[in-house]
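*Asks:* So the chains spell out like this:
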Amino acid sequence: MPDIVRNGVTIDDNFAEAFPMSGTGILITAPNPKWARQAALTMTGFATSVIGCGCEAGIDCEVSPQDTPDGRPGVRVLLFAMSSKDAEKQLVNRLGQCVLTCPGSAVYSTVAGEFEIKVGDAVRQFGDKWQMSKVIDGRRYWRVPVMDGEFFCEGKVGLTKKSVGGGNLLIMGADWDKTMRATEAAVSALDRVADAIAPFPGGIVRSGSKVGSQYKGMSASTNDAYCPALRGVTKSALDEDIGCVLEIVIDGLTDNAVREAMRAGLRAIIEMGPEQGAKRVGAGNYGGKLGPFHYHLKDLLP
Amino acid sequence: MKPFTFALRQEPPQRVDLSPLTPDRLAGKSIAQIEEIEIGVTRISTKVGDLFKISEGDLKNVRFEGGSTRFDLVGAKLLPGFAIHVEGDVGAQCGRLAKGGTITVAGSAGPHAASGNLGADIEIKGDAGDFLAGPLAGELAGMAGGRIIVRGKAGERAGDRLRRGILIIEGDAGEDFGARVIAGTIFCLGEARGRIGYLNKRGSIVLARGGCFGSTYVDCGAHELNFARLFARRLRNHSAQAAEVLSRRLRRYGGDTAVYGKGEILTPD
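Protein sequences, first through last, are from chains X and U. Numbering-wise, the first sequence is residues -7 to 294 according to the working numbering. Numbering-wise, the second sequence is residues 17 to 285 according to the working numbering.
The set of hints was computed from the structure by calculation and includes no laboratory data. Ideal Cβ placement from N, Cα and C applies to all residues, glycine included. Wrong hints could be hidden among the right ones.
To be verified - Pairs of lysine-lysine, BS3-like flavour, derived with a Cα cap of 27 Å:
{"#": "1", "chain 1": "U", "residue 1": "LYS45", "chain 2": "X", "residue 2": "LYS110"}
{"#": "2", "chain 1": "X", "residue 1": "LYS81", "chain 2": "X", "residue 2": "LYS170"}
{"#": "3", "chain 1": "U", "residue 1": "LYS69", "chain 2": "U", "residue 2": "LYS18"}
{"#": "4", "chain 1": "U", "residue 1": "LYS18", "chain 2": "X", "residue 2": "LYS121"}
{"#": "5", "chain 1": "X", "residue 1": "LYS290", "chain 2": "X", "residue 2": "LYS227"}
{"#": "6", "chain 1": "U", "residue 1": "LYS18", "chain 2": "U", "residue 2": "LYS45"}
{"#": "7", "chain 1": "U", "residue 1": "LYS45", "chain 2": "U", "residue 2": "LYS141"}
{"#": "8", "chain 1": "X", "residue 1": "LYS121", "chain 2": "U", "residue 2": "LYS217"}
{"#": "9", "chain 1": "U", "residue 1": "LYS18", "chain 2": "X", "residue 2": "LYS148"}
{"#": "10", "chain 1": "X", "residue 1": "LYS77", "chain 2": "X", "residue 2": "LYS170"}
{"#": "11", "chain 1": "X", "residue 1": "LYS110", "chain 2": "U", "residue 2": "LYS69"}
{"#": "12", "chain 1": "X", "residue 1": "LYS154", "chain 2": "X", "residue 2": "LYS121"}
{"#": "13", "chain 1": "X", "residue 1": "LYS148", "chain 2": "U", "residue 2": "LYS63"}
{"#": "14", "chain 1": "U", "residue 1": "LYS69", "chain 2": "X", "residue 2": "LYS148"}
{"#": "15", "chain 1": "U", "residue 1": "LYS63", "chain 2": "U", "residue 2": "LYS45"}
{"#": "16", "chain 1": "U", "residue 1": "LYS278", "chain 2": "X", "residue 2": "LYS110"}
As the list claims (entries may be wrong) - Reference listing, derived: stretches of chain X covered by chain U, where coverage requires no fewer than 3 residues with Cβ under 8 Å from a Cβ of chain U:
{"#": "17", "stretch": "54 to 63"}
{"#": "18", "stretch": "114 to 128"}
{"#": "19", "stretch": "272 to 282"}
What the hints assert, rightly or not - A few chain X residues facing chain U, derived, Cβ under 8 Å:
{"#": "20", "residue": "PRO25"}
{"#": "21", "residue": "CYS94"}
{"#": "22", "residue": "ARG135"}
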């Protein structure tokens, strides 16, 4: 089937293959946006891939004071893992080490899931019996005394097993600058989609991987078909006009969130066109047999 | 849809136990059967039909047209999702052991209102009697959930042995306000008297006008507490005055150090 061209950008007739994940998240508020963001950034550091980090996490959006429970500026963080047990462990650890420690922070549930995991009910013990519980409108909150006042944390937060991880776009361009320009535009477009995150640095990954390796015991290794510097010596997927490939990986609380995020990213890349940005967009999959969610690029075109 | 209405014909000749007249217990009964329900508490019979003219309506909303200080146990063991409104006064133990739902009383309530309440949202537009939200004799804990708001005054020992939940008194409170509180949150927006927060274990007592609470409460300084901001926002639609007090900078007194001592009294700084 011929590839599709939109505004000069070639769209591969291919699909992204994604997997079910356990998704959870918290809303962090602070006295000002700087410290809400700082807590969120610290908590979502070293959370790019479940392979080595245990979870994938990122900032979904900033929340204005009118929309947070305590009327302070907030940041919504989403966290995804391969099992609900992993998600709970990672969330509790990161909350205890990164958010509890961050000046001014407070934590609220923000994901409506079919399960709940204990966060405040675990962190409360830091209070050494000086912590106090408050039940407000049926939800339990913990007040843990800390050196700048009180750390205020909801007892339980929602978790859903209906999350999806691994939506992706492969953005291919003539050189690094142009490819990056298109990819950054796509990231800022999909940042505006609710319930979805791009967990890699700045939302972008440059070391896309394939399954398996020539070394024993390595489950993943560089995706040589998409390495421009190996074009001549490997079975390359790249034509001569491609000098750089960047990837965006997307995790979402729902199937639809991932789809909409991919759609928004694709639209931004196409709008920019090949002169300024990318020449070609593809998607990564494993043949379609491993992951139950398939996102065909041709279905996501503007 | 119109509420299921009990219109009072006459002042009850004796105290009456209205606990059978909650939506779940009335469900499936005909008017004739309801009129036969015995509500008297002495050997002299008083039946529902003797006191009330019944008009059928939406059983989720029960309305009493006219009240009396002899109406005991209104809304007792009420279940979530149902509502009871009394256009008048009620007697003792209004909302006793209610699991949920809403009860509004346009007049005043007698003693032990909201006693053992587990989740109901109760509003009393007039005054409340003694032992508001308190336990009956021999019980170890009082109210254990839900919310009660008294727009007028409350009698003595309001919030006695409160276990959980929110109690707001917009007027004055009688002697020993918040005595023996185990946990939960209680507000007095008027004057509170007596041994305030006596033997409080880990409850929060909010006094809009301060008060004298003895040397076993220890000043912990004035603070901007984040929990108070959240609490204020959640209370705004129910008691604007209580929300206003919580929005201010609050001075925290820890205590009662005569006992467990993990509770607090909060007053605007």
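*Asks:* Please go over all the hints and tell whether each is borne out by the structure.
*Replies:* Okay, the hints, checked on the actual structure:
no. : hint                   : verdict
1   : LYS45/U with LYS110/X  : 44 Å, violated
2   : LYS81/X with LYS170/X  : 40 Å, violated
3   : LYS69/U with LYS18/U   : 15 Å, holds
4   : LYS18/U with LYS121/X  : 51 Å, violated
5   : LYS290/X with LYS227/X : 25 Å, holds
6   : LYS18/U with LYS45/U   : 18 Å, holds
7   : LYS45/U with LYS141/U  : 31 Å, violated
8   : LYS121/X with LYS217/U : 13 Å, holds
9   : LYS18/U with LYS148/X  : 39 Å, violated
10  : LYS77/X with LYS170/X  : 41 Å, violated
11  : LYS110/X with LYS69/U  : 51 Å, violated
12  : LYS154/X with LYS121/X : 37 Å, violated
13  : LYS148/X with LYS63/U  : 48 Å, violated
14  : LYS69/U with LYS148/X  : 48 Å, violated
15  : LYS63/U with LYS45/U   : 15 Å, holds
16  : LYS278/U with LYS110/X : 23 Å, holds
17  : 54 to 63               : holds (count 3)
18  : 114 to 128             : holds (count 7)
19  : 272 to 282             : violated (count 0)
20  : PRO25                  : 16 Å, violated
21  : CYS94                  : 13 Å, violated
22  : ARG135                 : 5 Å, holds
When held up to the earlier numbered hints, the structure conflicts with 1, 2, 4, 7, 9, 10, 11, 12, 13, 14, 19, 20, 21 and fits the remainder.
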